[in-house]
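Please construct the entire structure, taking both the sequences and the accompanying hints into account.
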Amino acid sequence: MDIDRRSLMKGLLAGGALLALGTPSWTFADQPARNVRRCLLFLGDNNVDDQFADGVRAACAEIGYDELETAQVNGGLLSDPDKLVSLLEQTKGVRWIAVMDDVSAAVFQELARAAGGRLLSVGSHVSGRDGRPSRHAWLAASAAQGVGGLFAAQVVRTGVSCSITESFIKPSSFMSDLTGWSAAGFSSYRSAGPEAIHIHCSGLSLSQGRRQLGWDGVEDWTPIPSQVCKRETVSWQSQDWVESVGYAVAASALGVKAVQESCSGRAFVHRTFNPDSLRPGERIVSFVMDI
Amino acid sequence: MASKFIALPKGVSEKTFTAAIAEFRRIVGQDSVLVTAEQLAPYIKTMMPVPDADHTPSAALLATTVEQIQKIVAVCNKDKVPIWMISTGRNFGYGSAAPAERGQVVLDLKRMNRILEVDPDLCFALVEPGVTYKQLYDYIQEHKYPLWLSCPAPSAIAGPTGNTLDRGVGYTPYGEHFLFACGMEVVLANGEVLRTGMGSLPKSNTWQVFKWGYGPYLDGIFTQSNYGIVTKFGFWLMPAPPTFKPFVIQYENEDDIVEIVETIRPLRISGVIPNAVVIAHALYDAPTKARRSDYMTGPGAITDEAVRQFCARPSMRWRSGGPAASSGLRSWAPRPASM
Numbered sequence: 001m002d003i004d005r006r007s008l009m010k011g012l013l014a015g016g017a018l019l020a021l022g023t024p025s026w027t028f029a030d031q032p033a034r035n036v037r038r039c040l041l042f043l044g045d046n047n048v049d050d051q052f053a054d055g056v057r058a059a060c061a062e063i064g065y066d067e068l069e070t071a072q073v074n075g076g077l078l079s080d081p082d083k084l085v086s087l088l089e090q091t092k093g094v095r096w097i098a099v100m101d102d103v104s105a106a107v108f109q110e111l112a113r114a115a116g117g118r119l120l121s122v123g124s125h126v127s128g129r130d131g132r133p134s135r136h137a138w139l140a141a142s143a144a145q146g147v148g149g150l151f152a153a154q155v156v157r158t159g160v161s162c163s164i165t166e167s168f169i170k171p172s173s174f175m176s177d178l179t180g181w182s183a184a185g186f187s188s189y190r191s192a193g194p195e196a197i198h199i200h201c202s203g204l205s206l207s208q209g210r211r212q213l214g215w216d217g218v219e220d221w222t223p224i225p226s227q228v229c230k231r232e233t234v235s236w237q238s239q240d241w242v243e244s245v246g247y248a249v250a251a252s253a254l255g256v257k258a259v260q261e262s263c264s265g266r267a268f269v270h271r272t273f274n275p276d277s278l279r280p281g282e283r284i285v286s287f288v289m290d291i
Numbered sequence: 001m002a003s004k005f006i007a008l009p010k011g012v013s014e015k016t017f018t019a020a021i022a023e024f025r026r027i028v029g030q031d032s033v034l035v036t037a038e039q040l041a042p043y044i045k046t047m048m049p050v051p052d053a054d055h056t057p058s059a060a061l062l063a064t065t066v067e068q069i070q071k072i073v074a075v076c077n078k079d080k081v082p083i084w085m086i087s088t089g090r091n092f093g094y095g096s097a098a099p100a101e102r103g104q105v106v107l108d109l110k111r112m113n114r115i116l117e118v119d120p121d122l123c124f125a126l127v128e129p130g131v132t133y134k135q136l137y138d139y140i141q142e143h144k145y146p147l148w149l150s151c152p153a154p155s156a157i158a159g160p161t162g163n164t165l166d167r168g169v170g171y172t173p174y175g176e177h178f179l180f181a182c183g184m185e186v187v188l189a190n191g192e193v194l195r196t197g198m199g200s201l202p203k204s205n206t207w208q209v210f211k212w213g214y215g216p217y218l219d220g221i222f223t224q225s226n227y228g229i230v231t232k233f234g235f236w237l238m239p240a241p242p243t244f245k246p247f248v249i250q251y252e253n254e255d256d257i258v259e260i261v262e263t264i265r266p267l268r269i270s271g272v273i274p275n276a277v278v279i280a281h282a283l284y285d286a287p288t289k290a291r292r293s294d295y296m297t298g299p300g301a302i303t304d305e306a307v308r309q310f311c312a313r314p315s316m317r318w319r320s321g322g323p324a325a326s327s328g329l330r331s332w333a334p335r336p337a338s339m
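Here the protein sequences come in this chain order: D and X. Sequential numbering of the first sequence, starting at 1, is according to my numbering. Sequential numbering of the second sequence, starting at 1, is according to my numbering.
Quick caveat, the hints were computed from the structure, so don't treat them as lab data. Note that the structure is predicted; figures quoted are calculated from it, not measured. Among the hints, a few may not be true.
[Unchecked claim] Using 30 Å as the maximum straight-line C-alpha spacing, the simulated DSBU-like pairs for lysine-lysine come out as follows:
1) X/80 x D/83
2) X/10 x X/80
3) D/83 x X/289
4) D/257 x X/10
5) X/4 x D/230
[To be verified] Sample of chain D residues lacking proximity to chain X, with all beta carbon distances greater than 10 Å (derived):
6) 45
7) 46
8) 47
9) 72
10) 92
11) 109
12) 120
13) 130
14) 168
15) 222
16) 226
17) 237
18) 257
19) 260
20) 275
In this text, a Cβ means the ideal position worked out from N, Cα and C, and glycines have one as well.
See below:
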């Protein structure tokens with residue numbers, strides 16, 4: 001495994017220029033918090049590296065973050081894990097934004113844990129041929145590290161069918177009052193019980209959405225009142241779902257404060273699709289991790 | 001009321017657990033007690049088709065000494081806090097670093113990673129639980145010792161202590177790992193330290209040489225069990241053979257297994273084939289060579305017909321045999337390919 005580490009972002013002046021001109025790059029109900037720290041984009045040598053990186057750079061540009069470093073492995077993580085271990089040791093205190101295949105992801109998570117890494121979010125992504133439809137499952141440490149809402153707000157505008165699930169290890173319902181997420185075209189519901197989950201459906205009914213997610217077992221759902229919902233839209237848009245994942249993951253990693261819902265997990269479903277159509281497609285795993 | 005922990009041990013109140021965490025911090029240090037979601041998330045992935053939430057730890061403790069472990073065990077006894085030990089945590093496919101039950105405290109021994117001794121003449125190693133195969137391999141290479149390791153399937157980032165204690169196997173004549181274990185140091189549930197075999201004798205220099213010592217043989221009860229925390233582990237290393245000739249038998253038809261087994265069995269029993277022989281289904285290798293969708297679509301398990309189509313490709317058949325090393329006098333047999 002070769003790791004080609006370089007700084008790619010020095011020329012990204014566009015984002016800074018936007019900010020200088022006062023153009024709002026994010027259109028949230030609340031202003032995004034910017035808590036940018038040193039970030040490394042780690043590309044795990046699969047055929048979607050470029051698209052993912054494009055999305056990450058787009059987010060950096062909008063935020064005006066021009067210090068992103070990039071490391072790319074050649075030959076995969078399994079061929080020489082020592083080089084990854086060295087890079088982990090050299091980047092203590094750095095926030096990693098990473099993408100790789102699911103086999104490499106298993107090794108990466110192990111080596112990062114051994115290096116004392118803290119996992120903010122990990123996303124598993126699969127799509128059908130030509131990127132449509134797609135399915136995304138995130139595990140986030142808490143709602144503060146949630147990526148799903150950012151991603152859903154983008155991908156729904158492409159019209160491509162998708163499902164997004166997100167689980168929070170530390171449920172936000174323990175921390176705050178009831179809040180809900182909202183975007184154009186979505187209807188939102190909350191399950192009963194102390195560790196509620198939310199589901200946001202677009203282009204399909206609640207029952208269709210539950211069936212799409214395999215959540216048929218949960219019966220008791222109530223609509224989330226509109227007064228507790230916060231609208232979340234983003235200005236940047238791509239037709240490529242991998243770019244959109246890179247964008248949403250990077251925005252989250254760079255501290256853009258998305259809507260934090262009062263729930264232990266949530267899902268976004270946009271239009272129905274046959275899960276079997278996912279089988280021939282791409283599979284990738286994304287990470288945000290502090291080393 | 002909001003809990004400050006992402007999970008609690010079964011039957012332990014938040015107040016009691018908070019007090020236990022405070023004691024753990026006094027024992028191992030503030031930074032070596034992990035309780036936040038970000039710190040514990042890397043311990044949760046099980047790689048099994050079960051909800052990860054069922055295996056969420058309440059905390060992880062990074063111990064570095066036997067004395068710390070003794071004190072941790074004392075706190076756990078006092079407060080009835082269940083602990084789950086990992087060495088490197090690379091038990092891929094069987095839970096990795098995640099605890100068996102939600103709320104258990106993970107005692108992570110990765111920082112106890114010293115290679116205590118490697119004897120090139122008596123061919124043994126004594127290591128702490130956090131030592132990986134890669135670490136030991138590098139050590140052997142650095143010292144130019146003519147010794148071989150028996151590395152298991154989870155790759156060299158796993159370690160010999162955990163693999164052997166979970167009765168893992170490798171692919172050399174030393175592949176039945178527990179057979180080649182020799183001497184353990186164990187912290188028992190009451191905090192006492194036990195050394196098995198000859199290790200119980202003062203100034204013993206045969207701890208890693210003679211398994212049996214005096215009296216009952218105890219090592220087996222510390223494998224696939226929770227009767228103690230192994231803090232030192234001895235095992236034998238294979239002298240590097242002058243030649244090495246792995247072989248694999250590939251075959252297209254499942255029915256051939258009968259004849260292959262009949263052929264290989266006497267060779268294995270007589271020691272002509274010293275390796276563990278593995279018969280592996282064609283699908284064992286399939287993910288590295290083809291996509292499921294090339295052979296079938298739709299839900300459910302891959303059908304026998306799809307497997308037959310898959311096996312029709314010469315490089316994708318059932319395999320029988322195993323990596324085989326040779327002493328020069330014996331020809332090592334193959335290991336059966338995939339089943």
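Checked hints:
Restraint check for residue 80 of chain X and residue 83 of chain D: the C-alpha separation of about 42 Å exceeds 30 Å, so the hint is violated. At roughly 9 Å between alpha-carbon atoms, residue 10 of chain X and residue 80 of chain X fall within 30 Å of each other, so this suggested pair holds. Restraint check: the Cα-Cα separation between residue 83 of chain D and residue 289 of chain X comes to about 26 Å, which is no more than 30 Å; the hinted pair holds. Distance check on the hinted pair: residue 257 of chain D and residue 10 of chain X sit about 35 Å apart at the alpha-carbon level, beyond 30 Å; violated.
This hinted pair checks out: residue 4 of chain X and residue 230 of chain D have alpha carbons roughly 27 Å apart, not beyond 30 Å. Once the 10 Å rule is applied to beta carbons, residue 45 of chain D is consistent with being away from chain X; the minimum gap is 16 Å. Residue-level check passed: residue 46 of chain D sits 15 Å from the nearest beta carbon of chain X, beyond 10 Å. No beta-carbon of chain X is positioned within 10 Å of the beta-carbon of residue 47 of chain D; the least distance is around 14 Å.
Consistency note on residue 72 of chain D: stated as away from chain X, and its beta-carbon is indeed over 10 Å from all of that chain's, at 21 Å minimum. Its beta-carbon lying about 13 Å from the closest one in chain X, residue 92 of chain D satisfies the requirement of being farther than 10 Å from that chain. Not every CB of chain X is more than 10 Å from the CB of residue 109 of chain D (nearest about 6 Å), against its label as outside the interface. Not every beta carbon of chain X lies more than 10 Å from that of residue 120 of chain D, the smallest distance being close to 6 Å; the non-interface claim is violated.
Distance check for residue 130 of chain D against chain X: the nearest CB is about 14 Å away, which clears 10 Å, and the non-interface claim stands. At roughly 8 Å from the closest C-beta of chain X, the C-beta of residue 168 of chain D falls inside 10 Å, breaking its exclusion from the interface. At roughly 23 Å from the closest C-beta of chain X, the C-beta of residue 222 of chain D stays outside 10 Å, upholding its exclusion from the interface. Separation of residue 226 of chain D from chain X is adequate, the least Cβ-Cβ distance of about 26 Å exceeding the 10 Å criterion.
No beta-carbon of chain X is positioned within 10 Å of the beta-carbon of residue 237 of chain D; the least distance is around 30 Å. With a cut of 10 Å on Cβ distances, residue 257 of chain D stays outside the contact zone with chain X, its closest approach being about 17 Å. No Cβ of chain X approaches the Cβ of residue 260 of chain D within 10 Å, the least distance being about 14 Å, so the stated non-interface status holds. Listed as outside the interface, residue 275 of chain D is inconsistent with that label: its C-beta sits roughly 8 Å from the nearest C-beta of chain X, within the 10 Å cut-off.
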